[in-house]
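Student: Protein sequences, first through last, are from chains A and B. Sequential numbering from 1 applies to the first sequence in UniProt numbering. Sequential numbering from 1 applies to the second sequence in UniProt numbering.
Honestly, the hints are just simulated from the structure, not real lab data. These numbers were taken from a predicted model, which means no experiment stands behind them. Among the clues, some could well be false.
Derived Cβ-Cβ restraints for the label pairs, each shown as a range [claimed, not checked]: (1) 26(A) with 73(B): 54 to 62 Å; (2) 21(B) with 147(A): 16 to 24 Å; (3) 75(B) with 98(A): 32 to 40 Å; (4) 103(B) with 125(A): 27 to 35 Å; (5) 98(A) with 71(B): 34 to 42 Å; (6) 79(A) with 59(B): 15 to 23 Å.
All C-beta atoms in this analysis are idealised placements derived from N, C-alpha and C, irrespective of residue type, glycine included.
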Amino acid sequence: MECVFGLVGDGFALVAADTSAVHSILVHKSNEDKVMILDSHKLLGASGEAGDRVQFTEYIQKNVHLYEFRNGIPLTTAATANFTRGELALALRKNPYFVNILLAGYDKNIGPSLYYIDYIATLHKVDKGAFGYGSYFTLSMMDRHYKSGMSLEEAIDLVDKCIIEIRSRLVVAPPNFVIKIVDKDGAREYAWRESIKDAGVSAA
Amino acid sequence: MVRKTCFAIASDRRLGVNLQTIATDFERIFKIHDKLYIGLSGLATDVHTLYQRLIFRHKLYQLREERDMKPRTFASLVSALLYEKRELAKDFVVSGTASESLYGACESMYKPNMEPEELFETISQALLSSVDRDCLSGWGGHVLVTPTEVQERTLKGRMD
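With these hints in hand, go ahead and build the complete structure from the sequences.
Tutor: Structure (structure tokens):
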């Protein structure tokens with residue numbers, strides 16, 4: 001029931017993901033951050049098997065950093081996407097990673113971009129994308145309301161519309177979401193949309 | 001489709017996961033060199049991987065032989081890579097989820113020795129009529145025809 005979706009706007013790209021960590025019928029935690037900040041200008045929103053998600057995304061993050069240390073300049077978003085796809089493709093016929101990824105980035109002379117990478121290493125550059133059961137609702141909402149070059153306010157409004165759809169129409173809907181954006185000023189967390197806050201441990 | 005001095009290659013542009021459409025601008029026809037194009041249908045990840053392997057092999061060939069690979073040679077390279085029986089068709093080759101429809105359409109519309117414009121018209125009609133009846137293919141088409149230079153044209157079919 002994991003939901004990840006993202007879109008490209010005017011000079012920025014954003015990725016939103018639910019924040020539930022679930023095992024069978026049990027919700028372990030509801031503030032799990034599934035959108036990793038890869039480097040100063042890249043976001044990686046991932047959904048899928050819990051162990052694979054964390055291990056694979058951290059592996060990608062460390063390799064992206066290593067490239068920057070070795071070469072003195074950061075990888076472009078397209079190069080990162082192709083590297084990620086390559087790693088998934090390599091593992092596919094041996095020991096596949098069950099992780100679906102939306103990679104958003106901002107490059108100086110190219111602008112914002114969003115890449116759809118699924119667990120069998122399908123790679124495609126998109127304006128809007130989504131994974132999970134939530135995609136049935138978010139893709140339709142975005143097909144209806146998305147236009148290229150949306151302002152941040154319009155995009156956040158669309159994201160909120162998508163979240164409302166997921167909450168009201170998905171049977172085991174995740175309650176909380178995190179939204180992160182990347183633009184010329186870098187990758188950062190934009191907001192959380194919480195309908196359930198994790199209760200603190202009460203004193204005995 | 002092939003004619004005496006030119007050929008045409010066409011593909012649809014849908015990227016989907018079972019019944020869900022992800023994108024409508026997926027490129028399936030790739031240029032190997034000026035006189036050689038390959039269209040790949042099937043799982044998108046394998047399309048990508050196979051294309052990368054083929055272009056890698058061709059680049060190595062170019063470095064060693066200092067010339068482009070002949071289509072016939074390239075076909076045997078592809079076949080070796082795919083472990084399939086070699087089939088060199090004299091008129092047309094089809095592949096994809098709508099392949100049965102495409103066989104029928106091509107068989108009825110094809111005639112030998114067509115001019116480039118007529119070849120373009122024929123292949124476009126064959127593609128669109130088959131793809132419009134298949135729910136898993138579509139969102140337009142992409143056709144390349146080569147008499148002396150390459151003409152690339154996008155088709156608008158049923159966009160659903």
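Student: Are the hints correct? Go through all of them and say.
Tutor: Taking the hints in turn, this is what the structure says about them:
no.	hint	verdict
1	26(A) with 73(B): 54 to 62 Å	59 Å, holds
2	21(B) with 147(A): 16 to 24 Å	19 Å, holds
3	75(B) with 98(A): 32 to 40 Å	36 Å, holds
4	103(B) with 125(A): 27 to 35 Å	33 Å, holds
5	98(A) with 71(B): 34 to 42 Å	39 Å, holds
6	79(A) with 59(B): 15 to 23 Å	19 Å, holds
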